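Trainee: Given only the sequences and the hints, what does the whole structure look like? Please build it.
If you use full-length UniProt numbering, the sequence shown corresponds to residues 1 to 216, in order.
Careful: at least some of the hints might be erroneous.
[Stated by the list, open to error] Taking lysine to any residue and the SDA-like style, the derived pairs with C-alpha atoms no more than 20 Å apart in a straight line are:
1) K173 - S197
2) K88 - M45
3) K114 - I152
4) K54 - P90
Rather than coming from a laboratory, the hints here were simulated on the basis of the structure.
Since we're looking at a predicted model, the values are computed, not measured.
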Amino acid sequence: MLNYKKYILYSLITIPIYTLFCYLTKRAVDPIIGGMLVGGVVLAMSFIDLRKIKRDFSSMKSHVNEYKLSQDAEIFIGKQVKLLNETKVPSIKNMIMLNIAGAYITQGDNVDGKKYLDALNLNDFDRANFKNAVLNKLLLLYKINEDEEANILYDKVFTEDYEKGGPLFKTVKILRFQGNEPDGIKALSKLNMEEGSEIYREVIRMAKEIILENVK
Numbered sequence: 001m002l003n004y005k006k007y008i009l010y011s012l013i014t015i016p017i018y019t020l021f022c023y024l025t026k027r028a029v030d031p032i033i034g035g036m037l038v039g040g041v042v043l044a045m046s047f048i049d050l051r052k053i054k055r056d057f058s059s060m061k062s063h064v065n066e067y068k069l070s071q072d073a074e075i076f077i078g079k080q081v082k083l084l085n086e087t088k089v090p091s092i093k094n095m096i097m098l099n100i101a102g103a104y105i106t107q108g109d110n111v112d113g114k115k116y117l118d119a120l121n122l123n124d125f126d127r128a129n130f131k132n133a134v135l136n137k138l139l140l141l142y143k144i145n146e147d148e149e150a151n152i153l154y155d156k157v158f159t160e161d162y163e164k165g166g167p168l169f170k171t172v173k174i175l176r177f178q179g180n181e182p183d184g185i186k187a188l189s190k191l192n193m194e195e196g197s198e199i200y201r202e203v204i205r206m207a208k209e210i211i212l213e214n215v216k
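Mentor: Structure representation (structure tokens):
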């Protein structure tokens, strides 16, 4: 989540500034002091950025928790859009866009939901969150009948069987390969019995609705 390119840039700027200071004050350039200055700048910038990330992530999480209780999509989307415009952290921006897309699509507004899905830059997610973000986007794409786009993305990211994937991956995998078959419902029911913890029951229920719509 941290912008390492920015830190490198500030480091490169710090060195000539220190050199110029030594020249103007007629002091010898001390590489140890120079290194300490660079380290101090990077440390200070990363501390500031981490505070911003923590603040924005906490706000986003708070909005999600409020939405779960109130189910008021309009208020949730409004708060998320405001936070989207305020945050400078790319990964947080993309998490927010995924939240907004999900809220629109859940309310039946597939057009606005698709706009936010299209605006996502999955490469802004770090390695730990990348595949989870892809899976959430795939679930929403299947929900709005963008099967071709979803299949292409699935095949691009999951080039090999992702055996260590949890219930979310297994749900999306069923949609990918059995999304137009009645057997997909059976596979989801089995998954729900085996791994359908409370957090994933809603996801599995949504997947069942998608397949039921497809096999009509």
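Trainee: All hints are to be evaluated individually against the structure, with a verdict given for each.
Mentor: Quick rundown of the hints versus the structure:
A threshold of 20 Å between alpha carbons decides the hint, and for K173 with S197 the separation of about 18 Å falls inside it, so the pair holds. Among the hinted pairs, K88 with M45 is consistent with the structure: their alpha-carbon atoms are about 14 Å apart, no more than 20 Å. Distance hint between K114 and I152 is fulfilled; the C-alpha atoms sit about 16 Å from each other, no more than 20 Å. In summary, the hint linking K54 to P90 is supported, as the alpha carbons are separated by about 13 Å, within the 20 Å threshold.
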